[in-house]
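S.K.: Sequence:
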Amino acid sequence: MTQPAAPPDAPHCDVAWPDIRARYEAGEERVDAIARSIGMARITLSMKALKEGWKMRGVKVVKAKVKTKSKPADSDKPPSTRETIQRLKEMLQQRVTQLEQELRDLGTEVNALSNERGIRSVNMLVRTSDHDHRCRGQCHRRRIGPVEVFQDGFDIGTTHLDLWRRVHGRHFRP
Numbered sequence: 001m002t003q004p005a006a007p008p009d010a011p012h013c014d015v016a017w018p019d020i021r022a023r024y025e026a027g028e029e030r031v032d033a034i035a036r037s038i039g040m041a042r043i044t045l046s047m048k049a050l051k052e053g054w055k056m057r058g059v060k061v062v063k064a065k066v067k068t069k070s071k072p073a074d075s076d077k078p079p080s081t082r083e084t085i086q087r088l089k090e091m092l093q094q095r096v097t098q099l100e101q102e103l104r105d106l107g108t109e110v111n112a113l114s115n116e117r118g119i120r121s122v123n124m125l126v127r128t129s130d131h132d133h134r135c136r137g138q139c140h141r142r143r144i145g146p147v148e149v150f151q152d153g154f155d156i157g158t159t160h161l162d163l164w165r166r167v168h169g170r171h172f173r174p
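Going by my numbering, the first residue of the sequence shown is number 1, and it counts up by one from there.
Keep in mind the hints are simulated off the structure, nothing from the lab.
Since the model is a prediction, treat every value here as computed from it, not as a measurement.
It is possible that some hints are incorrect.
Stated by the list, open to error - Simulated restraints, written as ranges between beta carbons of each label pair:
1. M91 x A112: 30 to 40 angstroms
2. R82 x L50: 27 to 37 angstroms
3. V122 x L92: 36 to 46 angstroms
Just so you know, even glycine gets a beta-carbon here, dropped at the ideal spot from N, CA and C.
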């Protein structure tokens with residue numbers, strides 16, 4: 001199968017160099033097979049190709065990558081590790097952004113709820129204070145001393161304790 005190598009001192013001037021160049025640049029045959037067929041060493045043929053400007057073999061041409069969002073559906077080639085990592089980073093960044101937005105929205109809702117609770121507490125305090133003021137006014141108009149329990153069953157001490165429990169929680173015991 002292999003062709004015998006020509007002696008190293010064989011003349012190379014009768015070789016059809018355009019044909020050898022075409023075979024070399026086509027890349028279908030191995031360089032050492034081409035070199036043996038014309039009686040040269042592989043390195044000698046490679047040096048001649050370099051010196052005469054032939055298209056070099058084994059040199060990878062780096063293409064500028066165009067960043068795309070997705071691969072075509074007909075691509076059978078699995079994504080490289082670098083592409084997979086890049087895709088995962090993009091997915092993580094999107095998820096982090098989404099979570100940050102949800103936290104901002106949740107913070108707004110929590111502030112609104114706490115503001116609403118505060119408003120309710122203040123309203124309850126104002127109503128209780130008004131009721132207390134009315135009761136004290138009735139007490140002074142009658143010219144009797146401060147009374148703890150009024151005729152309508154209103155007890156100032158219990159009312160203040162109930163208000164305290166509503167504002168600070170039901171489980172409070174003085």
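S.K.: Each hint should be assessed against the structure and marked as holding or not.
M.R.: These are the hints, each one checked on the structure:
Distance hint check: the CB atoms of M91 and A112 are about 32 angstroms apart, consistent with the given range 30 to 40 angstroms. About 32 angstroms separates the C-beta atoms of R82 and L50, a value consistent with the hinted range of 27 to 37 angstroms. Between V122 and L92 the beta carbon distance is about 44 angstroms. The supplied range of 36 to 46 angstroms therefore holds.
In this structure, every one of the numbered hints holds.
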